[in-house]
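Enquirer: Just need the whole structure built from these sequences, with the hints factored in.
There are 2 protein chains.
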Amino acid sequence: MSEPISFYFDFSSPYSYLASERIDELAAKYGRKVKWRPVMLGAAFKASGLPLLLSVPLKGEYSKRDIERSARFMDVPYKFPPKFPLATLVAARGYYWLHGQDCGKAREFAHAVFRAYWVDGRDISEAPVVLDIAAKLGIDGDAFTAAIATPEIKERVKQETDAAIAKGMFGAPYIMVDGEPFWGADRLPQIDKWLATGGF
Amino acid sequence: MSEPISFYFDFSSPYSYLASERIDELAAKYGRKVKWRPVMLGAAFKASGLPLLLSVPLKGEYSKRDIERSARFMDVPYKFPPKFPLATLVAARGYYWLHGQDCGKAREFAHAVFRAYWVDGRDISEAPVVLDIAAKLGIDGDAFTAAIATPEIKERVKQETDAAIAKGMFGAPYIMVDGEPFWGADRLPQIDKWLATGGF
Numbered sequence: 001m002s003e004p005i006s007f008y009f010d011f012s013s014p015y016s017y018l019a020s021e022r023i024d025e026l027a028a029k030y031g032r033k034v035k036w037r038p039v040m041l042g043a044a045f046k047a048s049g050l051p052l053l054l055s056v057p058l059k060g061e062y063s064k065r066d067i068e069r070s071a072r073f074m075d076v077p078y079k080f081p082p083k084f085p086l087a088t089l090v091a092a093r094g095y096y097w098l099h100g101q102d103c104g105k106a107r108e109f110a111h112a113v114f115r116a117y118w119v120d121g122r123d124i125s126e127a128p129v130v131l132d133i134a135a136k137l138g139i140d141g142d143a144f145t146a147a148i149a150t151p152e153i154k155e156r157v158k159q160e161t162d163a164a165i166a167k168g169m170f171g172a173p174y175i176m177v178d179g180e181p182f183w184g185a186d187r188l189p190q191i192d193k194w195l196a197t198g199g200f
Numbered sequence: 001m002s003e004p005i006s007f008y009f010d011f012s013s014p015y016s017y018l019a020s021e022r023i024d025e026l027a028a029k030y031g032r033k034v035k036w037r038p039v040m041l042g043a044a045f046k047a048s049g050l051p052l053l054l055s056v057p058l059k060g061e062y063s064k065r066d067i068e069r070s071a072r073f074m075d076v077p078y079k080f081p082p083k084f085p086l087a088t089l090v091a092a093r094g095y096y097w098l099h100g101q102d103c104g105k106a107r108e109f110a111h112a113v114f115r116a117y118w119v120d121g122r123d124i125s126e127a128p129v130v131l132d133i134a135a136k137l138g139i140d141g142d143a144f145t146a147a148i149a150t151p152e153i154k155e156r157v158k159q160e161t162d163a164a165i166a167k168g169m170f171g172a173p174y175i176m177v178d179g180e181p182f183w184g185a186d187r188l189p190q191i192d193k194w195l196a197t198g199g200f
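If you read the sequences in order, they're chains A and B.
So in my numbering, the last spot in the first sequence is 200, and the numbers never skip.
So in my numbering, the last spot in the second sequence is 200, and the numbers never skip.
In short, the hints are calculated from the structure, not lab data.
Since no wrong hints were added, every one of them can be taken at face value.
If chains are identical, the list can't say which one is meant, so a pair holds when it fits in one copy or spans any two.
For lysine to aspartate or glutamate, the following EDC-like pairs were computed, each having C-alpha atoms within a straight-line distance of at most 20 angstroms:
| no. | residue 1 | residue 2 |
| --- | --- | --- |
| 1 | Lys-64 | Asp-186 |
| 2 | Lys-64 | Asp-75 |
| 3 | Lys-64 | Asp-178 |
| 4 | Lys-64 | Asp-123 |
Expert: This is how it looks when you write it as structure tokens:
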């Protein structure tokens, strides 16, 4: 029962951002680690045939309101960004490269990317923006740029996305706890109970 | 701030059933009443272009699991029924007729219909089944049958459904609290905080 929790997310997913601000402390309460796994949510939408949430009539409007209210409910700073949706491939590739070097730095980078987009409204689809975020964490820009252009790193993002879809991911955040899938930031209370009781 | 809460639901919606078992006690904590409003969810799906949840690849499988887990999490008896989805027009019409006679009886009837379907697996699309449920509550079958065939009652279901869609309903349960919409049984904790704080 001491397997790490898998946290699948896309940097462009607002509910993923909300979960990212709470999942580590939740897991830590039960002495559990979390594996952060950025994926390409567009590929999952293709697998399930689902449209982008915010583009659905009625549901899209509701969701914009629900995300803002959920952020206040969870006490997480949040501001809907000027550009949405956007591509998150540069950030995801950078994450996996960093993760191979230094797990803790990769986690810091992921938080910084999420917050740059969901609090400061920066365009994280642009490589110079991501490099700037990385630079503030002391990450070398040339090494970053070279790494994310390698076939290994490109393939890694694809592999992780495929693995998540194979585990049933159709939206994000998608969180696996001891084989049990939980979808959405609003399932954190169920995850809490699951960890506390060993399943219910 | 003492307006009743509007609870829009379809008897065939599993998350509506879960919410139905908790919403009255939640509202009562804050001295609030709840207006129960059965609607035709199919019409809302048409308005939003959304497919039936359980028919979506990946998401459908997850949802079946999530509903069962959410029922356990909320401590509500639940069993996925043998026939799903099904038509709920007879039950909805019966509800509005009863509501015109006796609010309390209508609420009892609604609970009984939900439980007949979501606990006992009965086919509530069939008029004889609904009449049997009504009979156990002392409701006259002939009066019920005559009432649900009247144009007024048929129109009422349509009107309530249109009103809910006009308020943004795209799925169920859809709960309006002082003009604020909440979708899903999993938003009851947010409703609790909303009622406690007067909005957040």
